[in-house]
Amino acid sequence: MIEADTFRPDLYYRIASMSHRIPPLRERREDIPALADALLIRMRDPKAYRCHIGKCARELLVNHDYPGNIRELMNVLRRAVSLSTDGHIKAEHIEFDEYPAIRPPAPLKQGQSIKEMEADRIKELLQLHSGHRRKVSDELGISERTLYRKLVKYDLIGVGKET
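For the sequence shown, this note's numbering begins at 254 and goes up steadily by one.
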């Protein structure tokens with residue numbers, strides 16, 4: 254963004270000096286009950302029941318690895334709220350999706366830039382999804398338009414498509 258003159262360099266260097274690592278949910282399971290309660294309050298319809306998570310359901314939430322991190326927790330809770338008819342979320346209301354194709358991104362290789370890592374990940378997903386851009390953009394959490402710009406930027410147009 255600095256190169257494109259859409260982000261101030263001085264602001265970048267101020268922000269870049271502060272490095273904070275926020276561990277994934279699977280590394281801070283003790284936070285999951287409080288996060289779940291806070292998320293339920295945020296997503297609550299004022300006209301509906303206030304939802305409460307039962308002990309067994311809470312245990313299921315705490316013991317899941319959350320490859321989708323906080324967004325996955327939010328989706329699980331939304332689904333549970335819709336399945337609960339009386340505001341009490343029970344173990345049978347907790348449903349987790351399976352993500353066989355999703356894995357954590359590989360760490361940076363020695364001397365590899367973040368741009369190179371991003372290009373490698375996009376190329377890998379294009380090959381995995383046979384060039385299907387919608388699936389790749391969904392998995393990356395970006396719009397198809399943003400993905401297309403990245404494909405042009407990294408010269409990846411046509412990658413993953415069978416010829």
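Simulated from the structure, these hints should not be mistaken for laboratory data.
The beta-carbon is built from N, C-alpha and C at its ideal position, and this holds for glycine as well.
Hints are not guaranteed to be accurate.
Listed next, with one range per pair, are the computed distances between beta-carbon atoms [said to hold, decoys possible]: (1) M254 / N328: 47 to 55 Å; (2) A257 / H385: 26 to 34 Å; (3) E345 / I367: 16 to 24 Å; (4) K308 / K414: 35 to 43 Å; (5) R374 / Y266: 44 to 52 Å.
In silico lysine to any residue, SDA-like type, Cα no more than 25 Å apart, as pairs [as the list claims (entries may be wrong)]: (6) K406 / E371; (7) K368 / D258; (8) K300 / Y319; (9) K414 / E371.
Taking the hints in turn, this is what the structure says about them:
| no. | hint | in the structure |
| --- | --- | --- |
| 1 | M254 / N328: 47 to 55 Å | 30 Å, violated |
| 2 | A257 / H385: 26 to 34 Å | 28 Å, holds |
| 3 | E345 / I367: 16 to 24 Å | 43 Å, violated |
| 4 | K308 / K414: 35 to 43 Å | 50 Å, violated |
| 5 | R374 / Y266: 44 to 52 Å | 26 Å, violated |
| 6 | K406 / E371 | 11 Å, holds |
| 7 | K368 / D258 | 17 Å, holds |
| 8 | K300 / Y319 | 30 Å, violated |
| 9 | K414 / E371 | 19 Å, holds |
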